[in-house]
Amino acid sequence: MLSIGLNHYLLLSAFLFATGACGVFINHKNITAMLLSVELMLVSVSLNLVAFSCFHNDLTGQVFAVFILVAAVAEAVVGIAVFIIYFLNHKSIEAENMSGLKG
Amino acid sequence: MNEALVFYVLATFSIISAVMVVFSCAVNSVLFLIMVFISVSGLFLLLGAEFLAMMLLIIYAGAFAVLLLMLPLMLNIKETYQHTAVKCSAFGVTVGLLLFSCLAFVLKVKPQRLENDVSLAVANNVKALGEVLYTDYAYLFQLCGMVLFVAIVGVIMLMIRNGMEIKEHKIAGQIIRSADEIELKQLTDGEK
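If you read the sequences in order, they're chains A and B.
For the first sequence, the residue numbers in my numbering are 967 to 1069.
For the second sequence, the residue numbers in my numbering are 2 to 193.
Possibly wrong hints are sitting among the right ones.
Here are the simulated lysine-lysine pairs, DSS-like style, with alpha carbons at most 27 Å apart [stated by the list, open to error]:
(1) A:K1057 - A:K995
(2) B:K186 - A:K1057
(3) A:K995 - B:K171
I should point out that these hints are in silico values taken from the structure, not numbers from a laboratory.
Since the structure is predicted, the reported quantities are computational estimates derived from the model, not experimental observations.
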């Protein structure tokens, strides 16, 4: 077995990011699954930053991973609140029907 | 050797659960997302970022994922759109593969270690991170607090429903145009 280098972590994080991007397209009718896919992408980005910070001996990457965590949580919480409000007003959150502002 | 074994086990777990997040239904996909969080926090431990690993476990897997788990329970989503069209799946997989093959070009680059011993100077990862976070990035850290505060205020404003006007789209008001904003023009043949 080879020793684990930076490339392994970058490949893993690239795979997770691609899976998240893939999930946004595959679940384009299910808005909660889209939210989960976006979370997956954010986690993969913070894995990328932490891997760089570890292999370059620079703590800045971990600091920015902390900021990414904060931004991800704030975004997702506001998203969930909007979904719940939308569900209470329209009795469904199917993404296909969310075209009221199309004009 | 041991480190490599732990890495491969955690990486396999995270890859399998990430694929299952995309391809399984509402509650299961949240549970698989929690699995991804747990294995990624194991990878953080392997990398030596102990503070971030614990933060990921406590905030993401502990609090946030439970919130996400309550979403399908509260919303009573009907499982009608589980099997999306094959065309959309094929498009999504193609996008994912293209993105992955672009990102996988990192293998071409030979990474070199930079001689920048910040994190090795202090034995404790939490202490080192705190020293950087509260000095160099103090303003950004305060801004993070502001972001969370604004998110809290926004969520509360959205959720207040009794005694206040319900927040909802007034679609007619948003797409209506008054008569003086619209101008009728007679097009000549060249402009048509």
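Handout entry: Pair hint outcome, K995 of chain A versus K171 of chain B [Cα-Cα no greater than 27 Å]
Key = 24 Å, holds
Practice task
For the pair we were handed, K1057 of chain A and K995 of chain A, check the Cα-Cα distance against 27 Å.
Solution key: 16 Å, holds
Practice task
Measure nothing beyond the straight line between the CA atoms of K186 of chain B and K1057 of chain A; if it is 27 Å or shorter, mark the hint as holding.
Solution key: Violated - the C-alpha atoms of K1057 of chain A and K186 of chain B are around 42 Å apart, more than 27 Å.
Of the numbered hints given earlier, the model fails hint 2 alone.
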